[in-house]
Amino acid sequence: MKKIIISVLLLLVVVVAHGQGKFYTKSGKISFYSSAPLEDIEAHNKTATSVIDTETGRMEFAVLMKAFQFRKALMEQHFNERFVESHKYPKATFTGNITNTSDVDFTKDGTYQVNVKGNLTIHGVTKAIEAPGTITVKNGVISGTSSFMVAPEDYDIVIPAVVRNNIAKQVKVTIDMVYEPLRS
Amino acid sequence: MKKILLTIALIGILVAGVVGYLLYNKPHRDIGKASSDFVVDASTLFREFEEDEAAANTKYLDKVIKVRGNVKSAHTDAEGNMMLTLEAGDEMFGVTCTIPEKNLANAATIREGQHLTVKGVCTGKLMDVVLIRCVPED
Numbered sequence: 001m002k003k004i005i006i007s008v009l010l011l012l013v014v015v016v017a018h019g020q021g022k023f024y025t026k027s028g029k030i031s032f033y034s035s036a037p038l039e040d041i042e043a044h045n046k047t048a049t050s051v052i053d054t055e056t057g058r059m060e061f062a063v064l065m066k067a068f069q070f071r072k073a074l075m076e077q078h079f080n081e082r083f084v085e086s087h088k089y090p091k092a093t094f095t096g097n098i099t100n101t102s103d104v105d106f107t108k109d110g111t112y113q114v115n116v117k118g119n120l121t122i123h124g125v126t127k128a129i130e131a132p133g134t135i136t137v138k139n140g141v142i143s144g145t146s147s148f149m150v151a152p153e154d155y156d157i158v159i160p161a162v163v164r165n166n167i168a169k170q171v172k173v174t175i176d177m178v179y180e181p182l183r184s
Numbered sequence: 001m002k003k004i005l006l007t008i009a010l011i012g013i014l015v016a017g018v019v020g021y022l023l024y025n026k027p028h029r030d031i032g033k034a035s036s037d038f039v040v041d042a043s044t045l046f047r048e049f050e051e052d053e054a055a056a057n058t059k060y061l062d063k064v065i066k067v068r069g070n071v072k073s074a075h076t077d078a079e080g081n082m083m084l085t086l087e088a089g090d091e092m093f094g095v096t097c098t099i100p101e102k103n104l105a106n107a108a109t110i111r112e113g114q115h116l117t118v119k120g121v122c123t124g125k126l127m128d129v130v131l132i133r134c135v136p137e138d
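Quick note, the sequences are listed as chains A and B, same order.
Numbered per the working numbering, the first sequence finishes at 184, counting up by one with no gaps.
Numbered per the working numbering, the second sequence finishes at 138, counting up by one with no gaps.
Keep in mind that the hints were calculated from the coordinates and are not lab data.
Treat the hints with care, as some may be off.
Unchecked claim - One side of the interface only, derived from the structure: several residues of chain A facing chain B at Cβ under 7 Å:
# : residue
1 : Lys26
2 : Ser27
3 : Thr47
4 : Ala62
5 : Leu64
6 : Ala67
7 : Pro90
Beta carbons are placed, not taken as given, at the ideal position from N, Cα and C, and that holds for glycine.
Work out the full structure, taking the sequences as your base and the hints as a guide.
Right under this line is the structure:
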């Protein structure tokens, strides 16, 4: 009898330890890089938010467009005023799922290749996207990285002919998140 | 006559070139010297965004604001930039200010719990209200 109780308790402990639930960050890094014949443009944002549910594999990201910082003030101004119209659409968001959550053991140190599928909203336009990513668990700390291409055109971002050669048709987006447990 | 026209045209091209170059390289706003559009407590700012985000966006986005509050947390990243969060009366979230390394010259004294005024550009609210290009004030 005692053995059974201990077994049940042990099982419970394992289940609880495994079902860790949600992790979040509010200092996630999202950058983008555009390489075009006339110039290379990059912008960095260090205040992206993200929540990951380790049980379901659900992931959410949000970023403030105005918090992207460019080297040149004029680029930042054009980006906000003409291209993404950040006064009208202040945020970009992504909600989706890891399609191979079962491949990831969030309780065990290691590097796991994942595939994430969901909806990306930029400039008020939502598109389904899919991107590969890497989840790293080190000393219990979960981090996630990914990089994928986004075409401004897909999000109704109109690049005027005069700067066509300054902005790439495909912009590379890089994501770098370090999560902490969400205590609620 | 032709020569004069040609000279004027050349000068015109030169001026356009210089203006274009200066515009292309125009510097970012110097937040330290910029006058602030609003002076507000971190809790008031946070509450305004919680209650009516659209109205708060219209009021604060892209504006230079001075925010007062107690330092909830302060971390420095690998490049020496600081990510500082001010208490805003919410258990989990607050007002986050990113302070570039160059604006931290006199900020060695920033510590948790300290009352501080930070000037920066408001970019909106996700979990926290976010200010960028911040300068801590005495």
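Structure-based check of all given hints:
no.	hint	in the structure
1	Lys26	holds, 5 Å
2	Ser27	holds, 5 Å
3	Thr47	holds, 5 Å
4	Ala62	holds, 5 Å
5	Leu64	holds, 5 Å
6	Ala67	holds, 4 Å
7	Pro90	holds, 5 Å
When the structure is compared with the earlier hints, no violation turns up for any of them.
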